[in-house]
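Construct the complete structure from the given sequences, taking the supplied hints into account.
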Amino acid sequence: MKENENTNNIQTIGLEEHYATPLFMEGPGRQLKAQAELAKDHPEVAGAYALLVEQLMDLDNGRIAEMDKADIDMQALSLTSPGVEQLGKSDAISLAKDANNILGEAVLKHPSRFIGFATLATIAPETAADELERTVKEYNFKGGIINGHIGGRYLDDDYFWPILERAEALNVPIYLHPTPPPESVVKTSYAGNYPPEIAGLLASAAWGWHIETAIHILRIILSGAFDQFPKLQFIIGHMGETLPFMLPRLDRGLPKELTKLERSVGDYLTQNINYTFSGFNYTQNFLDLFLQVGVERIMFSADYPYSSMAEAKHFLDNLPVSAKDKKSIAHGNAERLLKL
Numbered sequence: 004m005k006e007n008e009n010t011n012n013i014q015t016i017g018l019e020e021h022y023a024t025p026l027f028m029e030g031p032g033r034q035l036k037a038q039a040e041l042a043k044d045h046p047e048v049a050g051a052y053a054l055l056v057e058q059l060m061d062l063d064n065g066r067i068a069e070m071d072k073a074d075i076d077m078q079a080l081s082l083t084s085p086g087v088e089q090l091g092k093s094d095a096i097s098l099a100k101d102a103n104n105i106l107g108e109a110v111l112k113h114p115s116r117f118i119g120f121a122t123l124a125t126i127a128p129e130t131a132a133d134e135l136e137r138t139v140k141e142y143n144f145k146g147g148i149i150n151g152h153i154g155g156r157y158l159d160d161d162y163f164w165p166i167l168e169r170a171e172a173l174n175v176p177i178y179l180h181p182t183p184p185p186e187s188v189v190k191t192s193y194a195g196n197y198p199p200e201i202a203g204l205l206a207s208a209a210w211g212w213h214i215e216t217a218i219h220i221l222r223i224i225l226s227g228a229f230d231q232f233p234k235l236q237f238i239i240g241h242m243g244e245t246l247p248f249m250l251p252r253l254d255r256g257l258p259k260e261l262t263k264l265e266r267s268v269g270d271y272l273t274q275n276i277n278y279t280f281s282g283f284n285y286t287q288n289f290l291d292l293f294l295q296v297g298v299e300r301i302m303f304s305a306d307y308p309y310s311s312m313a314e315a316k317h318f319l320d321n322l323p324v325s326a327k328d329k330k331s332i333a334h335g336n337a338e339r340l341l342k343l
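Using my numbering, read the sequence shown as starting at 4 and increasing by one per residue.
Hints in this document: simulated from the structure, not taken from any laboratory. The model shown is predicted, which means the values in this text are computed figures rather than measured ones. Ideal placement from N, C-alpha and C gives every residue a C-beta, glycine not left out. Nothing false has been slipped in among the hints.
So the derived label-pair ranges between C-beta atoms look like this: (1) Tyr-162 to Pro-198: 34 to 44 Å; (2) Ala-68 to Lys-140: 25 to 35 Å; (3) Lys-140 to Ser-97: 14 to 24 Å.
Cut-off 16 Å, straight-line C-alpha distance, at most; resulting in silico cross-link-like pairs (EDC-like, lysine to aspartate or glutamate): (4) Lys-259 to Asp-270; (5) Lys-342 to Glu-299; (6) Lys-100 to Glu-136; (7) Lys-92 to Asp-133; (8) Lys-327 to Glu-338; (9) Lys-92 to Glu-129; (10) Lys-112 to Asp-63; (11) Lys-140 to Glu-171; (12) Lys-234 to Asp-270.
Take a look at the structure:
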């Protein structure tokens, strides 16, 4: 792809873009499917749900046409939330393999437009590590996707470290995507003197998803995982899930003298973590991320189909940074991280 001198026409690689499969929609995605079914009685919202499901399922020319409309060159695709992290071992393994094979065929069919992040049956770490390696070698996948906690367990638990070890050995990143907090946390911290649907939103898209992911990353850091696997790279979305704003405070409150880690918390956040937009098209948040972690850690994404590719591209085009930095964010950093 040739790059136009006009920065509005730079190459773009979206790092957090989602898909679904028929088997997923019958299992973890059945709530989304049920919402689409219920919406049929409400014409004002039915179209939106139907379109969302259609866009998630499309790994072919329809999706590519939408990318072309928004001037998006490539999408890194991952199975949509909640993934397979809340399933039992057998179901998680079979659904992950099915999802990866479907995505793999799409990547092989459209190698200049799609790249893949492997769905991992995290509950079975050795199997997940082997599946990550299979998809990297068979389909040229560029990393793995993990949707938050695994039935209330987190990646600081060294039970899961075979996945981290394999990712480091393969030199591919893990995208840590949000998921709602464990139900016990929702009841304790998010349910309050307001309707349950408000508590549900507070625990998820409005707040809880992001705090949950931030805590998960901090748990991984404090466990010493990055000392054990120093070349390991993670990706998180939503302009850093609140972590950039808190970085100086984390360094002050968790000094090396107490953590016994090899580096400061801020060092891990600026050397082992990478950050994407994923629908956070807010200049103030971007500037904080930019100032805290540096341009080389920031990558473009739209969070399609939950957010608009066109809006994300417009935001990218109008970032208050140099043309060189904009190109790094749009595609250069992703190309370096993913070895494109």
